[in-house]
Each structure stands twice: as structure tokens, then as C-alpha cells.
Amino acid sequence: MATFHEISPNASAGAKTLNWIDNRFPLSKLFKEHMSEYYAPKNFNIWYIFGSLSLLVLVIQIVTGIFLVMHYKPDAALAFGSVEYIMRDVPWGWLIRYMHSTGASAFFVVVYLHMFRGLMYGSYRKPRELIWLFGCGIFLALMAEAFMGYLLPWGQMSYWGAQVIVNLFSAIPFIGPDLALLIRGDFVVGDATLNRFFSFHVIAVPLVLLGLVVAHIIALHEIGSNNPDGIEIKATKDANGIPLDGIPFHPYYSVHDVFAVSMFLFVFSAIVFFAPEMGGYFLEYNNFIPANPFQTPLHIAPVWYFTPFYTLLRAVTSEMMYVLIGCVLVGAVLAVAKIKMPSLFKAVIAGGALVVVAMMLAIDAKFWGVVAMGGGVVILFFLPWLDNSPVKSIRYRPTWHKVLYGAFVINFFIIGYLGTQPVSVIAGRISQFGTLFYFGFFLLMPWWSRLGTFKQVPSRVNFTAH
Amino acid sequence: MKIMGFTQKIILGVAMTLGLAGAVQAAAVGAAWDKAPNRINDMGALQSGAKVFVNYCLNCHSAAFMRYTRLTDIGLTTDQIKDNLLVTNSKIGDTMKAAIDPTQAKAWFGVNPPDLTVIARSRAGAGGTGADYLYSYMRGFYRDDTKPTGWNNHVFPNVAMPHVLWELQSSMSPGEYDQTIGDLVNYLQWMAEPAQTTRKNIGIWVLIFLAGLIFLTWQLNKAYWKDIK
Chain A
1 MATFHEISPN
11 ASAGAKTLNW
21 IDNRFPLSKL
31 FKEHMSEYYA
41 PKNFNIWYIF
51 GSLSLLVLVI
61 QIVTGIFLVM
71 HYKPDAALAF
81 GSVEYIMRDV
91 PWGWLIRYMH
101 STGASAFFVV
111 VYLHMFRGLM
121 YGSYRKPREL
131 IWLFGCGIFL
141 ALMAEAFMGY
151 LLPWGQMSYW
161 GAQVIVNLFS
171 AIPFIGPDLA
181 LLIRGDFVVG
191 DATLNRFFSF
201 HVIAVPLVLL
211 GLVVAHIIAL
221 HEIGSNNPDG
231 IEIKATKDAN
241 GIPLDGIPFH
251 PYYSVHDVFA
261 VSMFLFVFSA
271 IVFFAPEMGG
281 YFLEYNNFIP
291 ANPFQTPLHI
301 APVWYFTPFY
311 TLLRAVTSEM
321 MYVLIGCVLV
331 GAVLAVAKIK
341 MPSLFKAVIA
351 GGALVVVAMM
361 LAIDAKFWGV
371 VAMGGGVVIL
381 FFLPWLDNSP
391 VKSIRYRPTW
401 HKVLYGAFVI
411 NFFIIGYLGT
421 QPVSVIAGRI
431 SQFGTLFYFG
441 FFLLMPWWSR
451 LGTFKQVPSR
461 VNFTAH
Chain B
1 MKIMGFTQKI
11 ILGVAMTLGL
21 AGAVQAAAVG
31 AAWDKAPNRI
41 NDMGALQSGA
51 KVFVNYCLNC
61 HSAAFMRYTR
71 LTDIGLTTDQ
81 IKDNLLVTNS
91 KIGDTMKAAI
101 DPTQAKAWFG
111 VNPPDLTVIA
121 RSRAGAGGTG
131 ADYLYSYMRG
141 FYRDDTKPTG
151 WNNHVFPNVA
161 MPHVLWELQS
171 SMSPGEYDQT
181 IGDLVNYLQW
191 MAEPAQTTRK
201 NIGIWVLIFL
211 AGLIFLTWQL
221 NKAYWKDIK
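Just so you know, the sequences run in chain order A and B.
All residue numbers for the first sequence refer to the numbering used here, where the first residue is 1 and numbers rise by one.
All residue numbers for the second sequence refer to the numbering used here, where the first residue is 1 and numbers rise by one.
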């Protein structure tokens with residue numbers, strides 16, 4: 001316990017108040033630890049603003065969400081009308097609603113950029129594995145939050161999107177149908193589904209999300225940030241124990257972030273005020289038709305931020321299963337033949353592969369599509385252990401690694417685009433190739449990330465004064 | 001919500017699962033859409049569109065989220081709305097309800113005429129804006145004696161709706177009819193989001209403010225960072 005600190009009776013009222021609080025709550029201590037004496041590398045580039053921006057979007061979503069809940073009715077008969085009521089009769093309701101709907105897409109934009117930053121600079125590498133795991137948890141919670149929130153306007157896309165995704169769960173062997181029933185609370189998506197999704201969207205998932213965000217930041221501030229050079233700045237300190245390449249977060253990065261926030265708000269407002277539908281990508285046109293359980297839309301597509309993973313789902317057809325079975329067998333043979341390990345492990349791997357192949361033959365491709373979609377997200381959790389590169393940052397990796405990362409990004413955009421499109425033969429083939437590339441990038445990473453000539457990592461960060 | 005029987009739900013569930021598995025992608029087969037005129041800031045056009053809407057469309061279609069009072073936004077006075085536009089038994093604060101009884105409508109047309117409040121937003125697509133669709137659709141009717149209504153449509157083949165405006169069309173020159181439909185479509189576009197003009201007007205000021213804020217925060221950032229070598 002800290003000692004009680006007396007202050008001179010001549011001190012100013014402000015100093016006295018702060019002293020009174022500091023004796024009872026670690027206010028100054030927290031401010032120092034997390035702001036004024038939290039040393040961040042001075043070589044951050046533009047990629048480092050998306051963490052702060054995702055926090056900003058989280059606040060926007062919570063605040064606008066609070067006001068929306070004041071007028072929204074989670075009732076299948078009233079939901080669609082209550083959203084139109086917000087758009088028309090609630091003062092400034094249209095602004096609150098557009099901020100929330102645009103915020104949902106903005107959240108995914110900043111989070112995808114934030115995650116890609118981590119990928120480029122190896123921010124998930126030791127000792128930052130937990131920061132990354134909490135972050136992946138946030139991404140997963142965000143997806144759940146967005147999916148359930150999308151049902152609430154109760155338009156055709158809300159309804160049929162939920163119908164399609166919840167039906168996927170019924171593809172799980174044995175427990176599937178009951179699980180889907182449990183999620184829906186009815187045999188089709190209906191009032192019961194709307195009520196439980198509302199409950200999850202406004203309280204359950206946001207609580208998890210906030211908890212994970214706090215854990216993410218605590219873990220980050222314990223270890224300190226990585227940087228574009230992938231150098232540990234704490235390895236080089238001055239006489240006072242302050243990293244030579246570190247600068248106090250406040251005021252340097254707080255002014256940086258305020259600048260970034262104003263630029264972000266400019267773009268955000270341009271969308272909210274001039275293109276809230278974003279050409280049908282942020283607010284889908286079909287969603288202005290009230291949900292109708294008796295009329296299936298011709299083309300059901302999830303909102304853009306889910307489409308890469310939706311493509312992974314659709315790519316797994318019964319034909320594709322043979323390719324995947326081939327991949328499993330080749331993988332098992334290579335593991336047994338090439339990796340040095342006790343023969344017991346080899347036997348386990350060979351046996352495991354045979355069991356998996358048997359299951360792949362026995363269970364419908366639809367289920368494996370669900371596995372691919374889930375796996376596409378879950379695989380991100382394993383990145384800290386998949387990446388074996390001797391350097392953290394892309395800057396010091398071989399050029400062909402950069403090309404590979406570039407190809408990964410292009411592939412992600414392609415499968416994202418294909419997820420918005422109707423099925424066709426050519427699109428299906430490209431989706432399947434894209435799916436193999438997506439998983440190949442991660443699953444083969446333990447090997448390819450070690451290959452090539454790496455550049456010498458300097459001991460101090462690269463920084464040019466601006 | 002209509003209460004469904006257990007068996008019906010099961011059948012529906014199975015039908016939906018099958019339907020989704022083989023998601024049929026027959027894109028709507030209709031004629032290409034013409035570009036609708038944009039008169040969204042022309043109060044006269046919006047008022048004349050509102051008149052056509054109330055006199056013709058509102059007989060069968062509702063605009064269940066649109067209040068009559070909101071018509072003051074397009075320059076009509078409360079008295080003008082009360083005297084000329086209010087359908088029987090409606091009050092000025094009410095939303096626009098169709099004159100027709102929904103069960104009768106279903107019996108006559110086979111479908112319930114859809115609500116038109118946000119129709120202009122819902123009909124946008126690859127072919128153009130929702131206004132383009134409606135403008136082409138309302139001008140796309142032709143005689144077809146094989147249909148129960150005696151009408152068919154180039155943009156929406158086999159549509160259940162008869163050509164409600166045919167008398168109007170035959171009393172007008174093609175140019176005048178296009179003008180009338182243009183006004184109606186602009187009204188529908190406006191009604192789909194009455195705040196849209198306000199939104200854009202405010203947006204300009206918000207962006208000007210934020211541009212100023214960007215300049216200030218940029219300078220602030222520069223002033224602090226000049227110390228960092």
C-alpha cells in the first residue's frame with residue numbers, strides 16, 4: 001500500500017484535489033504509466049493509427065447504439081417500422097442511425113488494417129502472443145456483434161442472411177439441427193430469434209468486447225509496442241532506464257492520434273452525410289424491403305466485411321473435397337517422412353490423417369465448408385506459432401516474402417469480391433484457388449517464413465525527423 | 001406475424017434449406033432502365049408528384065411510415081394538405097394508409113400491393129438507382145390480353161399491377177406523361193428519405209469544420225514533433 005502523502009497547506013486547490021484523489025485512487029500513477037511515461041517507439045508510421053481509431057469507432061458504436069435502443073423495438077412486427085421511425089420522426093435519428101450503420105463498416109475497415117499491420121511487422125511474435133490472441137478474440141466478438149446487429153433492422157437481407165448462416169450450424173453432425181434450433185429459438189428465424197439477437201447485440205457481446213479490449217491494452221502496455229523495424233526498444237536504454245528510441249505516448253502520440261482522428265472523421269462524415277448506403281455495400285438495397293419469410297431473395301450475400309469468409313464456405317464443394325483430402329494425405333506423408341520425431345508421433349499423425357480423411361468422405365461437404373469458414377478466422381489465432389521468420393518486420397525479409405504478402409492481400413480482396421457475387425463456374429474455380437491460397441499461406445508458413453536471405457536488423461530504429 | 005403450424009414450419013425450413021443449397025441465380029429478366037430526371041430540390045415537381053401519388057397510388061399502396069405532416073417539408077401548408085391530399089378518415093398526423101382493404105387487395109391482385117414508403121431505396125441495383133427503376137417501370141406498361149389485368153410491363157414482366165395511369169397517359173402527350181412520371185418518381189425518392197436534402201446541407205458544414213480541425217491538429221502535431229530528432 002502506498003504511503004499517505006501530505007501536501008503543503010499553501011498548495012493550489014487543484015494540487016490539493018489531485019493529492020486527495022491520489023491518496024485514494026492511483027490517478028496520477030495510471031496517467032503516468034499509460035500516457036505521460038509510457039514510452040512508445042518514435043518510428044511509428046501511418047499503420048499505427050488504426051488501433052486508436054478502432055477504439056474511437058467502438059465509442060461511436062456504443063454511444064449511437066445507446067440512443068438507437070431508446071427508439072428501436074425488438075419485435076418482428078414492429079422492428080422495421082421502428083427503424084423508419086428513427087429515420088423520420090426521431091430528431092437527428094437519421095444521423096444516429098447512419099453513424100451506427102457506417103460505424104459497423106468503418107469498424108471492420110480499421111480492424112482489418114490494424115491486423116494487417118500486425119502481420120507485416122510481426123507484432124504477434126514473442127513476447128506479444130497474448131496481445132494478438134486477445135486481438136483475435138476481439139475480431140471474433142466483433143463478427144458476432146455485426147452479424148447479430150444486422151438482423152435488427154428486420155429487412156429481407158437481415159432475415160435471409162441470418163437464415164443462411166444459422167442454417168449452416170445444422171450441417172454439424174449429430175448436434176447440428178438442435179444447435180440451430182437453440183440459436184434461432186424457433187424452427188425458422190422469427191420473433192424469438194430477433195429478441196435473443198437483440199439481447200446479445202446490445203449487452204452480452206459488447207461486455208465481452210470491452211473486457212477483451214481492456215485485456216488487449218493492458219497486455220500491450222505491459223510489454224510495450226512493436227514498431228515497423230521490429231526492434232525491441234527496451235533493449236537500448238539510457239541512464240534513467242528510458243528506452244533511447246522511445247518517446248512518451250503523451251503528448252507525442254496523443255497529438256498524433258488527434259490528427260489521425262480528425263482525418264478519419266472527415267472520411268467517416270463524408271460517407272455518413274453523402275453516401276450512407278455506399279452503393280449498396282454498407283446498407284444493402286434489399287434491406288429496405290421488410291423481412292418476408294415466404295419470399296427468398298434471388299441473391300443472398302452477406303455484408304462486405306464477411307464476404308472473404310463466405311467465399312471460403314462456398315468454395316468447399318463435393319469436388320473440392322477430393323482436393324482437400326489430397327492435401328491432408330500429402331501433408332501427413334511429408335510430416336511422417338521429413339520431420340524428425342519419435343515413431344510413436346509419426347504413427348499418431350498417420351492414424352489421425354486417416355481418421356480425418358474417413359470423416360471427410362463420410363460427412364457432407366456443406367459441413368466442411370462451415371469448418372473452412374470458421375477455420376479461416378481461427379487460423380489467425382495461431383499466427384505467433386506459425387511464423388518462424390528470424391526477423392519480425394517485413395522490412396528485413398527477402399523480397400519474395402513481400403511479394404507473397406502482396407499476393408495474400410490481393411487474394412483476400414478477390415475472395416472478398418467473389419463473396420458478394422452470385423455463384424458461377426468460373427467464379428467458383430477462382431474461389432477454390434483463392435481458398436487454397438488463403439490456407440496455404442498460413443499452414444505452410446512454418447516452412448516458407450524461414451526461407452530466403454534476410455537482411456541484418458539494425459540495433460536502433462530508423463527515424464527521420466519530420 | 002402470422003402464426004404458422006408446426007408442419008408448415010418444417011416444410012418451410014426444408015424448402016429454404018434446399019432453396020439455399022441450389023441458390024438459383026436467374027437475374028430479373030426485364031428491359032434496361034432509363035435514367036430518371038433529378039428534380040429532388042424542385043418543390044413544384046415534388047408537390048405535383050405528391051398529388052399524383054395521393055390520387056392514384058394511395059388507393060392500393062400504403063406509405064405506412066410517411067406522415068402527412070411531413071409534406072410541409074416540400075413547401076405545402078398544413079391547410080393545403082388537409083384540403084387536398086388527406087384521404088378519407090385520415091388525420092394530418094397520421095401515416096399514409098391505403099384506401100383499399102388488404103384482404104381484398106390480396107383477393108384481387110394475388111399479392112398485397114407493397115408499401116411504398118422506402119420503395120425508391122429498395123429498388124436500386126446494378127441497373128441504376130431506385131428512381132431509375134421506378135421511372136422505367138411506370139413508363140413500361142403495354143397492352144397484353146393474355147393477362148388478367150389486360151396489361152403487362154417491359155421492366156417487370158407479368159407484374160400483378162394493372163396500368164393505373166393509362167387514362168392519364170392517353171390524355172397526355174408522351175412528353176407530358178414522362179414529365180408527370182418524373183415528378184412522381186422524384187416524390188417517391190424524396191419520401192424514401194425526407195431528411196436527405198437536410199443531410200447533404202449539414203454535411204457540407206460538417207466537412208468544412210473538419211477540414212479546419214485537420215489543419216489545426218496537423219499544426220499541433222507538427223509543433224510537438226519538431227523536438228523529436
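Bear in mind the hints are in silico, worked out from the structure with no lab data behind them.
Treat the hints with care, as some may be off.
Taking lysine-lysine pairs in the DSBU-like style, the calculated list, with each CA pair at most 35 Å apart, reads [what the hints assert, rightly or not]:
#1 B/LYS222 with A/LYS32
#2 B/LYS35 with B/LYS51
#3 A/LYS402 with B/LYS51
#4 A/LYS237 with B/LYS226
#5 B/LYS229 with A/LYS402
#6 A/LYS42 with B/LYS97
#7 A/LYS73 with B/LYS147
#8 B/LYS200 with B/LYS106
#9 B/LYS229 with A/LYS32
#10 A/LYS455 with B/LYS91
#11 B/LYS91 with A/LYS234
#12 B/LYS222 with A/LYS234
#13 B/LYS51 with A/LYS73
#14 A/LYS402 with B/LYS222
#15 B/LYS226 with A/LYS73
#16 B/LYS82 with B/LYS106
#17 B/LYS200 with A/LYS42
#18 B/LYS106 with A/LYS32
#19 A/LYS73 with B/LYS97
#20 B/LYS229 with A/LYS126
#21 A/LYS455 with B/LYS222
#22 A/LYS234 with B/LYS97
#23 A/LYS455 with B/LYS229
#24 B/LYS222 with A/LYS237
#25 A/LYS29 with B/LYS35
#26 B/LYS222 with A/LYS29
#27 A/LYS29 with B/LYS226
#28 B/LYS51 with A/LYS42
#29 B/LYS229 with A/LYS73
#30 A/LYS73 with B/LYS91
#31 B/LYS51 with A/LYS126
#32 B/LYS226 with A/LYS126
#33 B/LYS91 with A/LYS237
Listing some non-contacts, in silico: residues in chain B with all C-beta distances to chain A over 10 Å [said to hold, decoys possible]:
#34 ASN38
#35 ASN41
#36 GLY75
#37 GLN80
#38 ILE100
#39 GLY110
#40 ASP115
Even for Gly, the Cβ is constructed at its ideal location relative to N, Cα and C.
Status of the hints after comparison with the structure:
1. B/LYS222 with A/LYS32: 23 Å, holds
2. B/LYS35 with B/LYS51: 22 Å, holds
3. A/LYS402 with B/LYS51: 63 Å, violated
4. A/LYS237 with B/LYS226: 22 Å, holds
5. B/LYS229 with A/LYS402: 29 Å, holds
6. A/LYS42 with B/LYS97: Outside the cut-off at roughly 63 Å; violated.
7. A/LYS73 with B/LYS147: The given pair, whose Cα atoms are some 41 Å apart, is violated under the 35 Å limit.
8. B/LYS200 with B/LYS106: Answer violated: B/LYS200 to B/LYS106 is near 39 Å, above 35 Å.
9. B/LYS229 with A/LYS32: 23 Å, holds
10. A/LYS455 with B/LYS91: With Cα atoms ~78 Å apart, A/LYS455 and B/LYS91 exceed 35 Å; violated.
11. B/LYS91 with A/LYS234: 73 Å, violated
12. B/LYS222 with A/LYS234: Distance of about 26 Å is within 35 Å: holds.
13. B/LYS51 with A/LYS73: Within the cut-off at roughly 32 Å; holds.
14. A/LYS402 with B/LYS222: 32 Å, holds
15. B/LYS226 with A/LYS73: 53 Å, violated
16. B/LYS82 with B/LYS106: 30 Å, holds
17. B/LYS200 with A/LYS42: Measuring from Cα to Cα gives roughly 40 Å; hence the hint is violated.
18. B/LYS106 with A/LYS32: Since the Cα atoms of B/LYS106 and A/LYS32 sit roughly 70 Å apart, the hinted pair is violated (cutoff 35 Å).
19. A/LYS73 with B/LYS97: Holds. A/LYS73 to B/LYS97 sits at ~21 Å (cutoff 35 Å).
20. B/LYS229 with A/LYS126: The hint holds at about 29 Å.
21. A/LYS455 with B/LYS222: With Cα atoms ~33 Å apart, A/LYS455 and B/LYS222 stay inside 35 Å; holds.
22. A/LYS234 with B/LYS97: Given that 35 Å is the threshold and the Cα spacing comes to 70 Å, the pair is violated.
23. A/LYS455 with B/LYS229: Since the Cα atoms of A/LYS455 and B/LYS229 sit roughly 25 Å apart, the hinted pair holds (cutoff 35 Å).
24. B/LYS222 with A/LYS237: The hint holds at about 26 Å.
25. A/LYS29 with B/LYS35: 64 Å, violated
26. B/LYS222 with A/LYS29: Distance ~28 Å between B/LYS222 and A/LYS29 Cα, so the pair holds.
27. A/LYS29 with B/LYS226: 28 Å, holds
28. B/LYS51 with A/LYS42: Roughly 65 Å between the alpha carbons, so the hint for B/LYS51 and A/LYS42 is violated.
29. B/LYS229 with A/LYS73: Between B/LYS229 and A/LYS73 the Cα gap is close to 56 Å, so the pair fails against 35 Å, i.e. violated.
30. A/LYS73 with B/LYS91: Satisfied, since the Cα-Cα distance of roughly 25 Å is no more than 35 Å.
31. B/LYS51 with A/LYS126: 70 Å, violated
32. B/LYS226 with A/LYS126: 33 Å, holds
33. B/LYS91 with A/LYS237: Since the Cα atoms of B/LYS91 and A/LYS237 sit roughly 77 Å apart, the hinted pair is violated (cutoff 35 Å).
34. ASN38: B/ASN38 clear of chain A: closest Cβ-Cβ about 15 Å, beyond 10 Å.
35. ASN41: 15 Å, holds
36. GLY75: 18 Å, holds
37. GLN80: 20 Å, holds
38. ILE100: B/ILE100 clear of chain A: closest Cβ-Cβ about 19 Å, beyond 10 Å.
39. GLY110: 13 Å, holds
40. ASP115: Contrary to the label, B/ASP115 does not stay out of reach of chain A, its closest Cβ about 7 Å off (not over 10 Å).
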